[in-house]
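Using the sequences provided together with the hints, build the complete structure.
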Amino acid sequence: MAGIEELSPAAGPVETRPPEGEIDEDEDEELDETILERLWGLTEMFPDTLRSAAEVTASGSVTVAKKLYSFSRAALWVGTTSFMILVLPVVFETERLQLEQQQLQQQRQILLGPNAGMSGGMPGLMPPAPVKM
Amino acid sequence: MGSVLAASSPPPPGSGVVQGAPGLVSAPPGFSMPSVPPPSVPGQPAGETGSPLPNPGTYEECHRKCKEVFPIQMEGVRLVVNKGLSNHFQVSHTVTLSTLAESGYRFGATYVGTQQTGPAESFPVMVGDMDNTGSLNAQVIHQLTSAVRSKIAIQTQQHKFVNWQCDMEYRGDDFTSAVTLGNPDVLLGSGIIVAHYLQSISPALALGGELVYHRRPGEEGAVTSLMGRYTGNNYVATLTLGGAGAHATYYHRANDQLQLGVEFEGSMRTQETAVSFGYQLDLPKANLLFKGSVDSNWVVGAVLEKKLLPLPLSLALGAFLNQKKNKFQCGFNVTVG
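Just so you know, the sequences run in chain order P and Y. If you count the first sequence from 1, position 35 lands on 35 in full-length UniProt numbering, and the numbers rise without skipping. If you count the second sequence from 1, position 267 lands on 267 in full-length UniProt numbering, and the numbers rise without skipping.
Hints are computed from structural coordinates only; laboratory data are not their basis. Be aware that one or more of the hints could be misleading.
[What the hints assert, rightly or not] Covered by chain P, per the in silico footprint, the following chain Y stretches (three or more residues, Cβ under 8 Å):
#: 1; stretch: 286–295
#: 2; stretch: 299–309
#: 3; stretch: 312–325
[Stated by the list, open to error] Straight-line distance between alpha carbons at most 30 Å, and here's what the computed DSSO-like set of lysine-lysine pairs gives:
#: 4; chain 1: Y; residue 1: LYS307; chain 2: Y; residue 2: LYS67
#: 5; chain 1: Y; residue 1: LYS83; chain 2: Y; residue 2: LYS67
#: 6; chain 1: P; residue 1: LYS66; chain 2: Y; residue 2: LYS324
#: 7; chain 1: Y; residue 1: LYS325; chain 2: Y; residue 2: LYS67
#: 8; chain 1: P; residue 1: LYS67; chain 2: Y; residue 2: LYS324
#: 9; chain 1: Y; residue 1: LYS327; chain 2: Y; residue 2: LYS306
#: 10; chain 1: P; residue 1: LYS66; chain 2: Y; residue 2: LYS325
#: 11; chain 1: Y; residue 1: LYS67; chain 2: Y; residue 2: LYS327
#: 12; chain 1: P; residue 1: LYS66; chain 2: Y; residue 2: LYS327
#: 13; chain 1: Y; residue 1: LYS306; chain 2: Y; residue 2: LYS83
#: 14; chain 1: P; residue 1: LYS67; chain 2: Y; residue 2: LYS325
#: 15; chain 1: Y; residue 1: LYS307; chain 2: Y; residue 2: LYS83
#: 16; chain 1: Y; residue 1: LYS67; chain 2: Y; residue 2: LYS285
#: 17; chain 1: Y; residue 1: LYS327; chain 2: P; residue 2: LYS67
Quick caveat: nothing in here was measured; it's all calculated off a predicted structure. We put the beta carbon where it would ideally sit given N, CA and C, even for glycine.
This is the structure in structure tokens:
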């Protein structure tokens with residue numbers, strides 16, 4: 001225990017070796033550094049400009065990601081509610097109208113035969129044929 | 001509310017708008033002249049030398065075509081029952097249930113006289129309605145001569161008179177001028193005078209001006225504004241510039257189902273501007289009329305009107321959402337008859 005020196009973060013990567021050759025467990029207990037701090041210490045080998053640039057980039061990208069997330073949430077809500085108010089009723093009504101017209105056409109077909117009652121349908125596709133009972 | 005300057009703004013929503021019976025002029029009991037048949041098509045060739053310019057219509061009507069495309073904000077439930085008692089007389093009952101304002105009942109009556117000046121117009125027209133609290137709105141519109149039309153309107157809040165105004169409009173061959181006297185009070189020496197003048201410069205272009213003079217004991221003031229309106233093939237563009245601000249509207253008819261309107265409003269008093277875009281979709285086959293609008297104040301709104309056909313019933317659903325303040329308002333109207 002007496003042989004272990006206090007490590008300061010600015011000292012650079014240092015290999016600690018207990019002079020008495022104690023077991024690893026004691027080493028880990030007596031060291032005042034966690035694994036993360038040791039890994040952080042490794043970054044000190046890079047020059048300052050690189051470190052500050054990396055820090056700015058990292059924090060900037062975190063901010064951008066947060067803003068993007070909140071913006072996309074708001075945009076999705078605004079878009080959905082506006083679509084619901086402005087467009088959806090018309091879509092419902094036109095679909096209903098189409099269905100009704102289809103139904104009417106089907107009824108007319110059943111009632112009057114397959115060729116009659118095709119108002120506005122494809123002209124000339126099926127030549128009119130006499131209906132045989 | 002209720003100021004004479006409201007004569008240029010759209011009539012109050014739904015309150016007793018008369019429709020349906022033949023031969024009736026739709027005259028909402030607000031402070032605006034009834035809509036008159038549109039002026040003759042610009043560019044129509046005349047059979048005389050020096051083709052005459054068409055009458056440009058009234059000053060208030062210029063922005064109205066665009067404003068009619070926009071939906072009105074509805075809140076609560078409203079039931080309107082219109083009954084025509086004869087060709088000349090129509091009665092309406094309105095029950096309003098609302099969360100934000102007072103619920104009430106309103107009785108309205110419309111009488112249309114026998115002097116017929118056109119296929120859809122008869123005079124005199126008397127419109128009145130009374131609230132369950134005793135507030136009365138009444139208008140009498142009469143065509144005095146073939147070119148002069150006059151209107152008297154009063155509005156009371158319970159027993160107190162809030163608005164009383166008299167209006168005279170002269171229609172010349174290619175110009176229209178109108179004078180309105182609002183809330184004249186001889187004892188106090190107060191009142192408002194509004195003068196309008198609109199002149200056709202060419203079959204498509206009309207220019208006009210408005211002068212508002214108001215006077216109260218101790219202060220008086222005047223506001224002027226100029227207006228220009230250009231009518232194209234399927235569009236109408238109107239611009240009003242005045243002491244109170246600028247107001248520009250553009251109305252476009254895309255096809256017989258879709259009409260668009262863009263409105264820009266800037267006010268000097270509050271130093272604010274607003275742009276709104278509105279559209280109206282008309283599907284007579286589905287008995288549907290849909291109006292939607294988007295605003296620069298982040299307000300989105302729409303009104304859906306549907307005629308439930310075997311019965312003379314029509315249902316209107318409206319929703320308005322203010323995205324910024326996250327406030328929502330919806331309502332529906334049922335109209336019988």
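Coverage criterion applied to the stretch 286–295 of chain Y (partner chain P; beta-carbon cut 8 Å; 3 residues): That given contact holds, which follows from 5 residues of the stretch 286–295 of chain Y lying within Cβ reach (below 8 Å) of chain P.
Between LYS66 (chain P) and LYS324 (chain Y), is the straight-line Cα distance small enough, at 30 Å or below? holds, 20 Å
Starting from LYS67 (chain Y), check that the Cα of LYS285 (chain Y) is at most 30 Å away, please. holds, 25 Å
Below or equal to 30 Å on CA atoms is what counts here, so check LYS67 (chain P) against LYS325 (chain Y). holds, 20 Å
For the pair supplied as a hint, LYS307 (chain Y) and LYS67 (chain Y), confirm whether the alpha-carbon distance does not exceed 30 Å. Holds, because 22 Å separates the two Cα atoms, which is no more than 30 Å.
Given the hinted pair LYS66 (chain P) and LYS325 (chain Y), is their Cα-Cα distance within 30 Å? OK: LYS66 (chain P) and LYS325 (chain Y) at ~22 Å, within 30 Å.
Pair hint outcome, LYS327 (chain Y) versus LYS306 (chain Y) [Cα-Cα no greater than 30 Å]: Holds: LYS327 (chain Y) and LYS306 (chain Y) sit about 26 Å apart, inside 30 Å.
Can the restraint linking LYS306 (chain Y) and LYS83 (chain Y) be considered satisfied, given a maximum Cα separation of 30 Å? holds, 20 Å
Is the hinted pair LYS83 (chain Y) and LYS67 (chain Y) satisfied, with a Cα-Cα distance of at most 30 Å? holds, 28 Å
The stretch 299–309 of chain Y covered by chain P? Criterion: 3 or more residues, Cβ-Cβ distance below 8 Å. Our answer is that it holds, as 5 residues pass the Cβ test (under 8 Å) against chain P, meeting three.
Below or equal to 30 Å on CA atoms is what counts here, so check LYS307 (chain Y) against LYS83 (chain Y). holds, 17 Å
Does the alpha-carbon distance linking LYS67 (chain P) and LYS324 (chain Y) stay inside the 30 Å limit? holds, 18 Å
When each numbered hint is compared with the structure, no violation occurs for any of them.
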